[in-house]
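Let chain A serve as the given structure and place chain B on it in line with the hints.
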Amino acid sequence: MHIISQFLILAVIFCDFFLLSSYSTFELVKFAALQGVLTALLPLMAAEHFAAEGIAFALSVILLKGFFFPFVLRKLIVKNNAYEEKKREYSGALSIAVYLFVFFVSVWLSIKLDLEVKSLSWIIPASFMTIFSGLFLIILRTQTVSQIVGYMVLENGIYCFGSAVFVQQPLMVEAAILLDIFVAVFVMGMAVFHIGKEFNNSDSENLNELREETGQEADI
Amino acid sequence: MENIKIFFQILVIFSLAPILPGIINRVKAKFAGRQGRSIFQLYFDLYKLINRGMVYPKVSGIIFKMAAPSVLAFTAASAVIMPFGGQSGLLSFSGDFLLIAYFLAFSRFLLILSAMDTSSAFEGMGASREAQFAVFAEPVFFMSMLTLSRITGETSVYGIFSKLSPDLWIQNAPVLSLITGSLFILLLCESSRVPFDDPDTHLELTMIHEVMILDNSGTDLAFMLYASYLKFWIYASFVSAIILPRHSDFFFSDSFIYMSGLFFTSVAAGVTESIMARVRLLRVPQFLLAAFSISVMAFVFQAVKG
Numbered sequence: 002m003h004i005i006s007q008f009l010i011l012a013v014i015f016c017d018f019f020l021l022s023s024y025s026t027f028e029l030v031k032f033a034a035l036q037g038v039l040t041a042l043l044p045l046m047a048a049e050h051f052a053a054e055g056i057a058f059a060l061s062v063i064l065l066k067g068f069f070f071p072f073v074l075r076k077l078i079v080k081n082n083a084y085e086e087k088k089r090e091y092s093g094a095l096s097i098a099v100y101l102f103v104f105f106v107s108v109w110l111s112i113k114l115d116l117e118v119k120s121l122s123w124i125i126p127a128s129f130m131t132i133f134s135g136l137f138l139i140i141l142r143t144q145t146v147s148q149i150v151g152y153m154v155l156e157n158g159i160y161c162f163g164s165a166v167f168v169q170q171p172l173m174v175e176a177a178i179l180l181d182i183f184v185a186v187f188v189m190g191m192a193v194f195h196i197g198k199e200f201n202n203s204d205s206e207n208l209n210e211l212r213e214e215t216g217q218e219a220d221i
Numbered sequence: 069m070e071n072i073k074i075f076f077q078i079l080v081i082f083s084l085a086p087i088l089p090g091i092i093n094r095v096k097a098k099f100a101g102r103q104g105r106s107i108f109q110l111y112f113d114l115y116k117l118i119n120r121g122m123v124y125p126k127v128s129g130i131i132f133k134m135a136a137p138s139v140l141a142f143t144a145a146s147a148v149i150m151p152f153g154g155q156s157g158l159l160s161f162s163g164d165f166l167l168i169a170y171f172l173a174f175s176r177f178l179l180i181l182s183a184m185d186t187s188s189a190f191e192g193m194g195a196s197r198e199a200q201f202a203v204f205a206e207p208v209f210f211m212s213m214l215t216l217s218r219i220t221g222e223t224s225v226y227g228i229f230s231k232l233s234p235d236l237w238i239q240n241a242p243v244l245s246l247i248t249g250s251l252f253i254l255l256l257c258e259s260s261r262v263p264f265d266d267p268d269t270h271l272e273l274t275m276i277h278e279v280m281i282l283d284n285s286g287t288d289l290a291f292m293l294y295a296s297y298l299k300f301w302i303y304a305s306f307v308s309a310i311i312l313p314r315h316s317d318f319f320f321s322d323s324f325i326y327m328s329g330l331f332f333t334s335v336a337a338g339v340t341e342s343i344m345a346r347v348r349l350l351r352v353p354q355f356l357l358a359a360f361s362i363s364v365m366a367f368v369f370q371a372v373k374g
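Order-wise, the sequence lines are chains A and B. Those letters in the first sequence? Residues 2 to 221, per this note's numbering, in order. Those letters in the second sequence? Residues 69 to 374, per this note's numbering, in order.
Take these hints with a grain of salt, some might be off.
[Stated by the list, open to error] Sample of chain B residues at the chain A side, in silico, Cβ under 10 angstroms: (1) Ile91; (2) Ala358; (3) Phe360; (4) Met365; (5) Lys373.
Please keep in mind that the hints were generated in silico from the structure rather than gathered at the bench. Ideal placement from N, C-alpha and C gives every residue a C-beta, glycine not left out.
The shape of chain A in the complex, shown without the other chains (with noise of 0.2 angstroms):
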């Protein structure tokens, strides 16, 4: 069980690494929900015994994160023709940076909480490294998908970061956490909509451009 939990751990990591390189909305939202559902079997590995509840709760994470998150997003690419992330030439050198930096300031902050996490040892700097990338995902891409996704990614970190410090979690707080992220994408899937609809594409940048054009008319 250890050694597949580990596997587990080191998977998460790389879902980060693919999240933070691809610059296709597609795949962000298959490795986003790869991720969400490693990150719902971490608990059945790190707990002594299978409890109903407890597999109950993972099969609705992943039933949720896994199938029902990427079916609704998947339509709204699909409707917004969002298929791809805007690229720069430095694009792919400073997906690894940003990933090399998320990676050590996860492993200084985990060092620097000192946590008592017996089962799982790597799972507090996977836990931050996730919660960076979700970071990094919405402060630095400009489609409106990808940036859903950095909050769902955003989210499987804190998921993380909740089983490696209580492995039996209360049921309440991980379905209100689940209940805010249903909601969220909900409230943003209607905004992507409607920025779609106004713009022909759901690139945030478009906001940017709104901004200048009415600096331009008050110059007039």
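Chain B alone, transformed into the frame defined by chain A:
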């Protein structure tokens, strides 16, 4: 008895090195639904080339003439230092992996010089690419060896290989799998395989290794090709030693395990070549940077754990 074993292992390394690329070719052919060439085809190619005369470009000098035998000599020197199965190589001392890395780096330097010596802008372009990729590839090797050295507590290649065991895998499975991954990427890059380079391509603008040996012919070309097979053997040995650590102290069974590891590594390389397209030249450094970040992750995790 020790001398006989070392003589035997050197004989095996030098005689079986061309089989590994032969296995890759065969795997690729099977994936494409073809019968494919015999795995011994490369021996026939080498024999054919050795029997042919050499032609030197008029503008080339002594460097070009010396390059092919020197490249082979330095690569062969690295190959004989490599441990074989559970047995130490011809030389084994603390930090010998640095010697292996620098022998290989020097043979690469000679290869680049010989490409420049032909005065062909085309070969110069290949030399420039080779030098650029080396900058990104060498840190991957050093970081991986550093991590292996930290895990095993040994500083020689033989020491590292002999300390690798199934028990060590159970304790350090994630770190060792990260190292295996980065060394496998390095193997593909250093031996000019897909997705970094294609040994079968002769499409002008995409060649890297092949373009540098375009003006070599006859025995010189055979030397260059044989050196690249030995290089593949060396890097495959690292992967093989990690994925299938030796289990007994019996020479022949350890050798068999080691050879099986080499076989699996070659098959894995063949499968990778079959299922992956070649990456664009501009993306090769990014790919190597990714391998470097994997090895850095392995090192940091090992350091934090230790």
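For the hint on methionine 365 of chain B, does the least C-beta distance to chain A fall short of 10 angstroms? holds, 6 angstroms
How about phenylalanine 360 of chain B: closest beta carbon in chain A under 10 angstroms, or not? Holds, about 8 angstroms.
Would the stated hint for lysine 373 of chain B survive a check requiring a Cβ distance to chain A of less than 10 angstroms? Lysine 373 of chain B check passes; min Cβ-Cβ to chain A is 7 angstroms, inside 10 angstroms.
Holds or violated: is there a CB of chain A closer than 10 angstroms to the CB of isoleucine 91 of chain B? violated, 28 angstroms
Is the interface hint for alanine 358 of chain B satisfied, with its Cβ closer than 10 angstroms to some Cβ of chain A? holds, 6 angstroms
In summary, the one numbered hint that this structure violates is 1.
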